[in-house]
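Novice: One-letter residues, chain by chain:
2 protein chains.
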Amino acid sequence: MYRTHTCGQLRITDAGATVTLAGWVQRTRKMGGMTFVDLRDRYGITQLVFNEELDADLCAEANKLGREYVIQVTGTVNERYSKNANMPTGDIEIIVNKLNLLNISDTPPFTIEDNSDGGDDIRMKYRYLDIRRNAVRKNLELRHRMCIEVRNYLSNLGFLEIETPVLIGSTPEGARDFVVPSRMNPGQFYALPQSPQTLKQLLMVAGIDRYFQIAKCFRDEDLRADRQPEFTQIDCEMSFVTQEDIIQTFEGMAKHLFKALRGVELTGPFLRMPWREAMKRFGSDKPDMRFGMEFVELKNEDGTVNFFADKAGFAVLDEAQYVGGIVAPGCAVYTRKQIDQLTEFVKRPQVGAKGLIYARVQDDGSVKSSVDKFYTPKQLIEMKDLMGAKPGDLILIISGPDAMKARKQLCELRLEMGARLGLRDKDKFALLWVTEFPMFEWSEEENRLMAMHHPFTHPMDEDIPMLDTNPEAVRADAYDMVCNGIEVGGGSIRIHDPKLQAKMFEILGFTPEKAQEQFGFLMNAFKFGAPPHGGLAYGLDRWVSIFAGLDSIRDCIAFPKNNSGRDVMLDAPSCIDQKQLDELALIVKNQ
Amino acid sequence: MYRTHTCGQLRITDAGATVTLAGWVQRTRKMGGMTFVDLRDRYGITQLVFNEELDADLCAEANKLGREYVIQVTGTVNERYSKNANMPTGDIEIIVNKLNLLNISDTPPFTIEDNSDGGDDIRMKYRYLDIRRNAVRKNLELRHRMCIEVRNYLSNLGFLEIETPVLIGSTPEGARDFVVPSRMNPGQFYALPQSPQTLKQLLMVAGIDRYFQIAKCFRDEDLRADRQPEFTQIDCEMSFVTQEDIIQTFEGMAKHLFKALRGVELTGPFLRMPWREAMKRFGSDKPDMRFGMEFVELKNEDGTVNFFADKAGFAVLDEAQYVGGIVAPGCAVYTRKQIDQLTEFVKRPQVGAKGLIYARVQDDGSVKSSVDKFYTPKQLIEMKDLMGAKPGDLILIISGPDAMKARKQLCELRLEMGARLGLRDKDKFALLWVTEFPMFEWSEEENRLMAMHHPFTHPMDEDIPMLDTNPEAVRADAYDMVCNGIEVGGGSIRIHDPKLQAKMFEILGFTPEKAQEQFGFLMNAFKFGAPPHGGLAYGLDRWVSIFAGLDSIRDCIAFPKNNSGRDVMLDAPSCIDQKQLDELALIVKNQ
Chain A
0 MYRTHTCGQL RITDAGATVT LAGWVQRTRK MGGMTFVDLR DRYGITQLVF NEELDADLCA
60 EANKLGREYV IQVTGTVNER YSKNANMPTG DIEIIVNKLN LLNISDTPPF TIEDNSDGGD
120 DIRMKYRYLD IRRNAVRKNL ELRHRMCIEV RNYLSNLGFL EIETPVLIGS TPEGARDFVV
180 PSRMNPGQFY ALPQSPQTLK QLLMVAGIDR YFQIAKCFRD EDLRADRQPE FTQIDCEMSF
240 VTQEDIIQTF EGMAKHLFKA LRGVELTGPF LRMPWREAMK RFGSDKPDMR FGMEFVELKN
300 EDGTVNFFAD KAGFAVLDEA QYVGGIVAPG CAVYTRKQID QLTEFVKRPQ VGAKGLIYAR
360 VQDDGSVKSS VDKFYTPKQL IEMKDLMGAK PGDLILIISG PDAMKARKQL CELRLEMGAR
420 LGLRDKDKFA LLWVTEFPMF EWSEEENRLM AMHHPFTHPM DEDIPMLDTN PEAVRADAYD
480 MVCNGIEVGG GSIRIHDPKL QAKMFEILGF TPEKAQEQFG FLMNAFKFGA PPHGGLAYGL
540 DRWVSIFAGL DSIRDCIAFP KNNSGRDVML DAPSCIDQKQ LDELALIVKN Q
Chain B
0 MYRTHTCGQL RITDAGATVT LAGWVQRTRK MGGMTFVDLR DRYGITQLVF NEELDADLCA
60 EANKLGREYV IQVTGTVNER YSKNANMPTG DIEIIVNKLN LLNISDTPPF TIEDNSDGGD
120 DIRMKYRYLD IRRNAVRKNL ELRHRMCIEV RNYLSNLGFL EIETPVLIGS TPEGARDFVV
180 PSRMNPGQFY ALPQSPQTLK QLLMVAGIDR YFQIAKCFRD EDLRADRQPE FTQIDCEMSF
240 VTQEDIIQTF EGMAKHLFKA LRGVELTGPF LRMPWREAMK RFGSDKPDMR FGMEFVELKN
300 EDGTVNFFAD KAGFAVLDEA QYVGGIVAPG CAVYTRKQID QLTEFVKRPQ VGAKGLIYAR
360 VQDDGSVKSS VDKFYTPKQL IEMKDLMGAK PGDLILIISG PDAMKARKQL CELRLEMGAR
420 LGLRDKDKFA LLWVTEFPMF EWSEEENRLM AMHHPFTHPM DEDIPMLDTN PEAVRADAYD
480 MVCNGIEVGG GSIRIHDPKL QAKMFEILGF TPEKAQEQFG FLMNAFKFGA PPHGGLAYGL
540 DRWVSIFAGL DSIRDCIAFP KNNSGRDVML DAPSCIDQKQ LDELALIVKN Q
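Residue numbers (numbering that gives the first Met the number 0), protein chains in the order written: chain A, 0 to 590; chain B, 0 to 590.
Pulled out of the complex, with its shape left as it was, chain A reads as follows:
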């Protein structure tokens, strides 16, 4: 060992001890005849002292140390004259009598401080320096602790972690696969798993009963912000269970993790909300429940609400399929400029609304709105009452010809208002289960029904008869766990009956031949006594980022890729040798 202690270990009780430390030079200061060096390692920082009077040569050596030089020192632990209460080792310093330079360093391209002066690009290129920063390293430590907690929790419940293969077969259903040419089978390709979905179902057929895996998954998608081509899933599956069993099991795990990693006690069962209700109340299948500001429907697609039944000559509302609003408490004071900003916000292409209607509730209870000329003051007050707005509140209304689209626009507005009002506190956690998802969604592109989750999802038992008559109304026995408006995990009860699975493929437009070609291995397995089973998967990167209070998943990943799927540190991907291409029987087309 190059050290007797780490740089975060020594305390006042160690005073007088002879110790050896090793680490990186964080900074050096020369003050009179003394040179102070902050020595850093993963565990902390310890102040070293070189005294010119005691050893001029040694002090001269210390004065030559640059930032990030690697050194080993031996010395005596000394009580500091001026203590630093902000650091755990702040009561002591080391009077150095021996200095061993282990390695020099070029000047780093950015400062190794909590608030670095490095931009994202340079930090990623020199990620090995970036990780030296507390701010990044503590996310990796949190990720490690989370994985340990997950594994021990599930293992104690009898779950087995089983590694499934990374080189598997390609299944064109779903997202795009990364493929791997096989040299031993020229012209053939492996695929990297988008998830271990079918393999974990095979493990249930295999009688494993309770499976989990913290597994790398791969999707060759055009990368939107904060997506990675490789990401990590906490993947779980259980046999002989219903939705209730899975929810109980993983709600327990979530509570354990919040307690263990954040010291947060989540009491009582998580809220559960059917998808339809979540859409109506929050315009989202992953509502942020840290704050209220629920939607009030003024007009909806099924006619159960229609405040604007009488045509007022205002086409926007007269012709809308949906009109809904939220009440921003205390925001009647918003200036014209602030309201214009909100209007611009909802009109951004990412949100896509045509415009925003607003109404200020005055102190006297009257309403000043952007649609005063179409409605009587009495109508506006009725609307205000319906909205539940009080004097001083601002009513914001979105309308549109497509109810689901309008709800999603209103959802974006609600989240924006929540942020503006400081209601989205990163240290507050609101969890819920969203259930009863639609089984299918219509794809305009493919002109067929698509599985909203995947083709193995079990319908809710009571909806099975509708598979033949009205498949679009069938709800899935599926569930998502949502935290602070983010889907952290989701899953479903799976189909275990080969006949029901065959019907599902039929509804999804697979010919029996195509179903056999793509999923034959699974359908064949199901002929040999598949047990009822279900499971779920968490996005690990995302969940760590919530625990870490980060907006992006990138700093929860040691070596992430950029939005073009490149690792700028390794400079990958890159061209390969002609010899490699030849061995794989591949030709790269000229672009």
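Hints are computed from structural coordinates only; laboratory data are not their basis. Do not take every clue at face value.
Derived list of chain A stretches under chain B, where covered just means 3 residues or more per stretch with a C-beta under 8 angstroms from a C-beta of chain B [what the hints assert, rightly or not]: (1) 221 to 234; (2) 335 to 347; (3) 522 to 528; (4) 560 to 568.
Backbone N, C-alpha and C define an ideal beta-carbon position, used for all residues, glycine too.
Dock chain B against the given chain A, drawing on the hints supplied.
Specialist: Then chain B, alone, in the frame of chain A:
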């Protein structure tokens, strides 16, 4: 939940309780008016009883159950009349009053028993049925427990598990990479890691101090028996350490694992043996120390031993560079046929010896050998004494023009004799560290020195001056952990000095440009204060197979590939759509 208990849970103390179980029908027996069903799940087998007199319809249903049908039953726990002491639930049975058929099953293609009638190929095709067998499933359970133990052990020592990327850059040095075409960067490829070697070194530069990862690794090699294209490593690295620190840390872990997984207490420090000594005494860099039968050199390449200094007219020995033997205790009684078998064994191409010399030590101490006509009885007795053979022993001698090759041949013979004499007991564990490996080995094929481990291995400090003068004599600061003749892990202290690393690349025949092109990211990182560091990696599959007492790693892997790199269950690799190829800008060459 479909059950109140598992099939392995109920005991005599549960008698009288009403329970619900779910599982697979292992077998049914009809005896008089009773039908007995063995119900199986991961946890055990419970006997169900259906009584025709009590409920004829239910009993008739039970009689229709086939092997591997999935059922749910409710009934009363009853003390058995004839108990079965061989199974944990053998004291009880369930008197069933409700039977729910959950799924039917085709007749499985092999029996789901400890000793299955299925051959390897059919077992792999229906691996999901194979895993239902105790014999396979318990290996996966062992693997799970081993991973949990490793993770908790290392985590408690401050190691952080950090996921390194799977999509990295290709480095032609070493084995062949699997590559992944990048759609977003046409003509460019990712590579799958052969190991996280360079990435873990970057994590040391990043100040992580103690890293580990149970990591998937990939090598596109022509598969020898018992190699897999994807395999799993326990990968570890530490900063500010010497070889001694690493050995202490991981010897501790090995002892913990043997205790936790096998109940075996390994006392005292593991033996350590320099590579050169291991080669001389056992002809192997991974000697099986469960038994003796050490080599005795009669003639060696450096002339320090030369029993056959006087030419005897027997060219085989006269001209050999090496003559060495082992003493097989009590084997003087071997028949001519048995000795012929041994001769055939060493002449197999996999061993490659030209022949075998033997000498029986008679009861009176005289020697009867296959070379009696070349040597006097006195010479043969001298040789016997040198060999340390006693009356009743059989001396077996191998010679050859290349000492190292002859030693390896003699090693194979020693292992064969160990097996024949029952000295390679799977429940006995002999561990040691082999150290002081040569730094380089000469490659005839490449006509240059190659790194015996990898180009980042640190030379032993005292040998550094020889890098310039006699590189082939330089020993590496490297170490392998060996168990029962199998290398379970290995590693080294790494180079942290950029100048020494540059010299190493030079010796290995890299131009500075080529070194920069392939390992630039690492060499650049080393400019910013790399700490002294080292580590090691274990082959998880192999180590589990030792704990499990298996000869092959295949049954420690849930879904292994065959010797052509195929997953016969998934039928992967396979052809992909033209659309996929087009997106990747690839053309498959006609073969």
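Novice: Are the hints correct? Go through all of them and say.
Specialist: Cross-check of the supplied hints:
1. 221 to 234: holds (count 5)
2. 335 to 347: violated (count 0)
3. 522 to 528: Held - the stretch 522 to 528 of chain A has 4 residues with a Cβ nearer than 8 angstroms to chain B, which meets the minimum of three.
4. 560 to 568: The restraint on the stretch 560 to 568 of chain A holds, since 6 of its residues have a Cβ under 8 angstroms from chain B and three suffice.
Of the hints listed earlier, the one the structure fails to meet is number 2.
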